[in-house]
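Construct all of the structure, not just a fragment, from the sequences and the given hints.
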Amino acid sequence: MEAIRCSVESWAEFGLSNSANVKILLAGTAVLFCSGSDILLFSSKDKRLSAVLQFDTPVTHLAFSARRYIYVLCEKDGIYCTSLPQQSRPPSPPVVDQDPVLQRVAEDSILLKDPTIDSFLLAEDLLITVSREEATWTLDLYRVSDGSSSKPVSLRKLAEHRVSAINTAQPHGKTEVNVDGKDSWPVLSCIYPSGGASFPGDLSGYPGCFLLEPVLFTLLFGVDAALVNSPVVLLGLPDGRLCYLPLRIPTPSAPGQRAGPRVLHSLEQPVAFIGTSSVATETGGCLPRSLVAIGQTGRVLLVTANEGGGQGKVERFSEFSIRGPVVCAYLSSSHVYYSTATDLLSLKLNAPSASSSSSDQPGPPDPPTPTPISLNVCGVIAMTLASSDLTEGGAVELLALSRRGRLQKIRLPQGTTGGSVARLPSSLAGQRVKDLLAGIGNVWERASALKNTVQHRNKSLRLLNQVLNICSLMSNQKAEKQACDHQQPINCHGVTSWSCVLQNDSLMLTCTLENNSAFTLEHGWSLCVHIYHMSGSFTAERENPSRTYTFPVQKLSPGQKLDVTLPLGSSHSLSLPLTVHCSLMFSMCSLGSPEDPNFPENTGIQPSSLPIRQSNCICLHLNTLTVDLLDALHFDASMSLSSVSKQPPAPLDAVHTLLDSRGSVRGDPTGQGQRSSPYSAVVKLSVELLRASLKAPGVDAGAGEPWASVSALRWLLNGCPGARGLVEALQMPAVTGRCPAGHTARMTIKEVTLSDVSIEGPLTVLEILIESFSMATVCGLHYAVLRRIQVLPRLIQTCHKPHMQLGEDHMRRAMQRAEALYKALQVALVPTALGVSPSSIRTSHRLLSIYQQLRENPLLIL
Amino acid sequence: MDACLLDKWTQQNNFFVKEWKLSDRRIGGNQQQGTKEKCHMGTVKLLQMIQGVPADIELIQLELTVAYNTLVFSFNLSTLSDVQDNLTNTLLRAHEAVGCQTFTRDPVMLWHATLKSFSDTAHLSCLHNLLCVQWALLLASCQMKSIHQMLRDVTQEEVTVPSQDLRAVIQKLRLSDKENSNILVAITAREFKDLLQICTVLVEGLESLKQENYSAALVAFLEAMSLPAPRALLAQVHTLTGFAFAKLNQPQSALQSYRKALEVDFGCHSALYQSALVYRQLKNTQAEIEALRLLHLALVQHAEEPMDNNEVMVISPDVLLSSTCMDSVLAVPATQLILHCLAYTCVLHDRISEAVELYLDLMSSLQSDITQPARHNVLTEGDVSFLRVAVVYLEAAFTLLRAKRMWDAITVCEDVITKTMNLIPEKLLFDLSEEHLLFSMEGRSKSVKHERLENVLWAAAAHYLQGLAYCKMKDTKESVSSFTRSLNWLAKVSLKSTVVGNHGDWEVKMKTLQRLRGLALAGRGVSFMERGQLKEALRDLKLSLQSITDLRMIKFGLVEVYRRLGRQEEAIACWREPHISAEAFSSGNLPLYLQTFPDISLCFDISDLNKMMEDAFHRRRV
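Taken in sequence, the protein lines are chains A and B.
Number 530 in full-length UniProt numbering belongs to position 530 of the first sequence; there are no gaps in the numbering.
Number 442 in full-length UniProt numbering belongs to position 442 of the second sequence; there are no gaps in the numbering.
No wet-lab data here; the hints were simulated from the structure.
A portion of the hints provided could be inaccurate.
What the hints assert, rightly or not - List time: in silico BS3-like cross-link candidates among lysine-lysine, alpha-carbon distance up to 25 Å: (1) B:Lys477 x A:Lys434; (2) B:Lys36 x A:Lys113; (3) A:Lys76 x B:Lys36.
Predicted model only: the values in this text are computed from it and were never measured.
Here it is in structure tokens:
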């Protein structure tokens, strides 16, 4: 047996009255140990005895709680709880020979009076006691909580469990087993699964509490205990049995199983020590991999978790013997230090690791029994760790109390426990590698998906920012627009044109979206053009009441324009006037990227279920255009200034031909101002109004008489697609055009002076005469002209509006005419109102004549 | 000197009796017990002193009274055989005092002799007191015959009437109640007799209950109800009556009785528990859950502040009624079991959000509460199952899944997996022709192997539930791997013979295994389908149909796969196949977490599929 040099430092020597059941305990800087019915407090700092606590009966066990209370078990009495005596440190210079405090513990500080208690264990807030009554061992659980002022702590009993005792009348006497012929005591310890949620912060303050690796824990104490991270009380009985009791398992955990402690193993000799030994891991921490129990005559039980050769992990109980008797033992990581009263020995536990597989069969030899190494310290009867800091210089320091009462500190060189890195069995390693690879793959996949998502979201946010900017811009503009007709930064205007498609003339509308703002219209915006017929029944049969065209805007930088052209209809199917709504739309759908289907991922909400499509749309109204007959007139050079004649270019059918020919027979157009067969309508407009509103360049008051008529006509024909060349060349205030349906129409403007309108004097008035053989054309043109004129009063600022006093006669005449017409209209409508089916021809004739009267003598627009 | 001594002893006796009664009224555990012990010791010492002098007729009254008090005290503090011995000794000394010899120690014979020799004396009342003690002792050991015999001796004149009915005898029993006001007694003969009477009737009822003669038991309980009794005992009588009613298939009367019990004493938890069982039988879920909730609440509060029983009897009825039958009726499962029962019921009846809370409560209770051993080592009536923590975890995960808390469910499953993974062997071989025999055994003989089988099933179920959660979250990659792991674990179990013995536990295990395999395959099939791996999907779904035939979900999955594969004919054929049974969870003993619920693991819309198939079918016919 080789020896290891260890340094022993003797601190003090006391006369121990009874060396039978000596316990030593480190409580902060104080060393506590019991001797007979006294507890001695030794200050490790000052190296002197600081206090003595006296009890009535011999002290058999003591514990120290984190709250600085000492729990003392006295023989045939019970458990006392008392605080540490005040370390009277007077401010005066330290007196070297200060007498130790002598304190007699009063009987009223007894916490639990029960003479049968043999041992107890303090684990966090639990107090576990074991007591023996004749044929049963009783395990009682109490919860320790703060007590009232009279008692420092109070107990509440939680549970009581019983184990029947085996009569331990040993045939060969117990003297050789026990040091002094005393009965041996049960040993209690509490095992926690490491890494569990109930993992107590610091177990070093609780001697008797150990951590155990989860796999072994599960194997020994069951899945249920492991799942709830239940602490397990291990009870080593003098008869050699090791009983365990999970604290948190619901009552009978399996049918037929008895609740209460169960036997784990039997050492067949009194248990002296229970603990867990740990193996240093590569991560630097300690993993308590095995459970160790030592019997008093030297049998060592080592429980480890092994690969069970196809059986999964199995627990493995290996036993070997060392030279006994074991008086006391201490376990520090993988070394057991134990005293045989004559010598202190160190035993390195090499856990039978993965190398010894299939070890549950009896065949293969056990790993060689570790040989204890003598440390050459004799007479140790109690020991504890000197400092809780283990790794200090790689050495272990123990505090030991010898039989003769010598308190000594033993410094042991700890052999470096290198090389014992936990290795996985090959089968598990394969699985582990697979898992890890799968995990890496998953993480990569998720990371790239997340990256995409982040990028996409950034893009969306940028886009959304632009959108909001544009929205606020437009809405501000809208408010300002009320005050003055400001050009919008983003606007849209339209121009009509004729194009010939498949020998069929069709009217096209070209909308131009102009971006004069500082923002870019990006992907997601679209120009929406909504076309519908104005209310009113020009044509009874309208097949397509409204149409919507949407043009996605790819990118429209500031200053750029976007032209879109859309058909309004071929010359035959066209029915005017049309209203065109232009608006900018932004759909929120385009924020969620279409190429990324699981865009809002991992939320559990299905993205497609969100009603983005309908409601989440921003719509900015740009403007409303009207396309009327004036925008659709054809002008041919040949037609100019020629007499009004209808030339239907493409007669549709016989009926039309017939009707048209009848009209031609009836119509005999001659000179201007002559009331003849073509239908006509007149609009009267004051020149002042036109002049004030149209401040056209070159329009001058002294430019001569026909200027007003010609410029008025130019203005009216401005938007007309067929009149582009014509307008410039226009010399005379009369023009002839052809409407899409083929009817020709003439528009003549002349200047007349009315004397009786105003009392201030004669008034120059423009008289716009519209003539055509087609009533519809007349109506359409009349409407178009009126629509343009309607804008005029709005253009003039109120201050510029000339105040005019109207002539009374003129007013009266106008009123009379209006009333008469109104009456005639009512008379004409009587049959309809009475519900009598009107003889359509008569009624319509009558209505037509009223209309003509109305149009031929209109009110003057001032 | 005698008189002086007599006075002193009388005073001592009175002091102890007063002390005892005082301590009964005081509240507080330890001290009370201490005082009582002191009183008991005091009377024992006093009795020893009295018995120190030779037996004398003058002292006999004091001696008998002190002995009576001592015996009554010792009922609570020492074993019944000790009490019996002491009683016998006292009687022998009384015989000695009057100068007649008896050698028998048989209680009935001894009493026969005693009553004969003391029939006329003034000490009859003292003797009657002791007779009550004897009665109580016989009652506690259930010797009804002996009681009958002994009491017949008391009512001497009726000996001729061969009354077999003990209750009739008790009715006629007249105990002398001449009280000696100088010497106090712990409990008067009349009170004692009342208690004994109701207890005797109860014990008779309980005997009938044990022999499953419920109507006889009911008669006894109804009679007991009419007798004066302390509150807690009366509540117990009502509960027992209700139990008898329930056994006689009169649930409404039973409920009425339980209600009365609760009215008498709200602390009567067993009445609440029993009524919950009746409600379950009546399928009144709402009421059942309500009752269980109340019970749980009461138990929790009870644990926090142990109720102080206001009326402490000198002799507790519990000592007299030591029938296991009564214990089993009156026992209430532990708090956690009740909580589990409540949560389980809620899940079964689709009250998911409630169940989630309850399961979370239960899990936190399991993780934090130190369990207490069952007070009675008897199994309760009713079907409260034994709680395995892993099962609770899996059920909780299932509930969380149904409540759409996917990540929570996954976490809980992960817990189960990490704890069971290491325990699973490479291969588990079962020879079915033998194994069921092993399963039928109890206790320790239930081998490690079967525990391992449980572990496999738990781990596989945990993976399966994780797969479901991933599938719900459309993470089909994860779900496929989870289902695959589940199947891998299940594949470790191999069965040697297919003859399944009709043995409860074993059969359930095999069914669970099969169903789990089918469900995992189906889940993986659906996940494959979503990933577009239609071949694999088809294979898995077909395999799963072999394990589970009665699940529409699988069939719909199959139809959908055929449709996506463009195999329209097969899709229609499969769709037209009549499905065999109702979807209802008619599992019997299968675990809760293998239940299927309507929106389980299907990622497509069934109604859409139905419509499509109908269209396709009609098109084909046209």
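Structure-inconsistent hints, enumerated in ascending order: Of the numbered hints, all hold.
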